[in-house]
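**Student:** Listed below are the residues making up each chain.
There are 2 protein chains.
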Amino acid sequence: MIIKQLSDNEIRVHIFKALSDEVRLNIVAMLFEKKTEMSCGEIGEILDINKSTASYHFKTLREAGLTTTRKVGQNKFVSLNTAVFDKILPGFLDTLA
Amino acid sequence: MIIKQLSDNEIRVHIFKALSDEVRLNIVAMLFEKKTEMSCGEIGEILDINKSTASYHFKTLREAGLTTTRKVGQNKFVSLNTAVFDKILPGFLDTLA
DNA sequence: TCGATAGTTTTAAAACTATCAAACAACGAT
DNA sequence: ATCGTTGTTTGATAGTTTTAAAACTATCGA
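Quick note, the sequences are listed as chains A and B, same order.
Each residue of the first sequence is one higher than the last, beginning at 10 in the numbering used here.
Each residue of the second sequence is one higher than the last, beginning at 10 in the numbering used here.
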């Protein structure tokens, strides 16, 4: 299996793409406000989005390295990777408060 | 003329979209490094991009509020709107250094 | 094991984005 | 005036992104 080594700017592009959507920004803002992990279903219900659309957005955030997912029984819990935010966009999360 | 009032997240989406492209990130990085305005032609030549493509990217950055353009004779000089960066993405520019 | 619940994947349509050539507009110099 | 330079706009094309229905996988409880 070949793993492509991404340049700094490729990483940034990936992250900015992930954040350049209102639904995903709302997910990030919610997770930051609640200061705790939330289940996919809970988030999807609050934001009132189709579950496959929600799943697509969770995948986009996860693949950009912005969130982590933890499976518990039939649920999946999403939480923010604050270390990545702090490294690439220091101070950004605090502007959401 | 009607001016739409953008929400905070709409502004962020606009800015993240503008930054989610390698060419535009390179333009921003160059302007930040040089710490001075640069002409469109100079930037386009350094990055080796077609002039209409370059113009498209300048427009994208300008419309997101990230740059300002000043016309001098037949040239146009582009500079960073550091205040916008500092407000929406505090600390980001420094990560480019 | 069956049924319900929670998420993912596949697929397709619609909307959007990046690129380039060609035509255009604005300016300065001759 | 016309020419060369600098940058914008337009229109075409190729590729990407977002959305949602339908089919699928995994887990739990009865």
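No lab work stands behind these hints, which were simulated from the structure alone.
Since the structure is predicted, the reported quantities are computational estimates derived from the model, not experimental observations.
Please note that a few of the clues may not be correct.
[Claimed, not checked] Straight-line C-alpha distance at most 20 angstroms; calculated EDC-like pairs for lysine to aspartate or glutamate:
(1) 44/B to 54/B
(2) 26/B to 72/A
(3) 26/A to 30/B
(4) 68/B to 51/B
(5) 96/A to 31/B
(6) 85/B to 51/B
(7) 44/B to 95/B
(8) 13/A to 30/B
(9) 26/A to 54/B
(10) 96/B to 46/A
(11) 96/A to 51/B
(12) 96/A to 95/B
(13) 26/B to 17/A
(14) 44/B to 54/A
(15) 26/B to 54/A
(16) 85/A to 54/A
(17) 96/A to 57/A
(18) 96/B to 72/A
(19) 68/B to 103/B
(20) 26/B to 46/A
(21) 96/B to 19/A
(22) 60/A to 46/A
(23) 13/A to 31/B
**Student:** Each hint: holds or not?
**Tutor:** Here is how each hint holds up against the structure:
1. 44/B to 54/B: holds, 18 angstroms
2. 26/B to 72/A: Judged against 20 angstroms, a Cα distance of about 17 angstroms means the pair holds.
3. 26/A to 30/B: It holds: about 8 angstroms lies between the C-alpha atoms, which stays within 20 angstroms.
4. 68/B to 51/B: holds, 16 angstroms
5. 96/A to 31/B: holds, 19 angstroms
6. 85/B to 51/B: holds, 10 angstroms
7. 44/B to 95/B: holds, 15 angstroms
8. 13/A to 30/B: Satisfied, since the Cα-Cα distance of roughly 18 angstroms is no more than 20 angstroms.
9. 26/A to 54/B: Violated: residue 26/A and residue 54/B sit about 26 angstroms apart, past 20 angstroms.
10. 96/B to 46/A: violated, 27 angstroms
11. 96/A to 51/B: violated, 31 angstroms
12. 96/A to 95/B: This hinted pair holds, its Cα atoms lying about 16 angstroms apart.
13. 26/B to 17/A: Answer holds: residue 26/B to residue 17/A is near 17 angstroms, not above 20 angstroms.
14. 44/B to 54/A: violated, 46 angstroms
15. 26/B to 54/A: Not satisfied, since the Cα-Cα distance of roughly 26 angstroms exceeds 20 angstroms.
16. 85/A to 54/A: Holds, at about 14 angstroms.
17. 96/A to 57/A: violated, 31 angstroms
18. 96/B to 72/A: violated, 27 angstroms
19. 68/B to 103/B: With a Cα-Cα distance of about 24 angstroms, the restraint between residue 68/B and residue 103/B is violated, given a limit of 20 angstroms.
20. 26/B to 46/A: violated, 27 angstroms
21. 96/B to 19/A: Distance of about 24 angstroms is beyond 20 angstroms: violated.
22. 60/A to 46/A: Holds - the C-alpha atoms of residue 46/A and residue 60/A are around 18 angstroms apart, at most 20 angstroms.
23. 13/A to 31/B: holds, 17 angstroms
Consistency note: the structure conflicts with the earlier hints numbered 9, 10, 11, 14, 15, 17, 18, 19, 20, 21.
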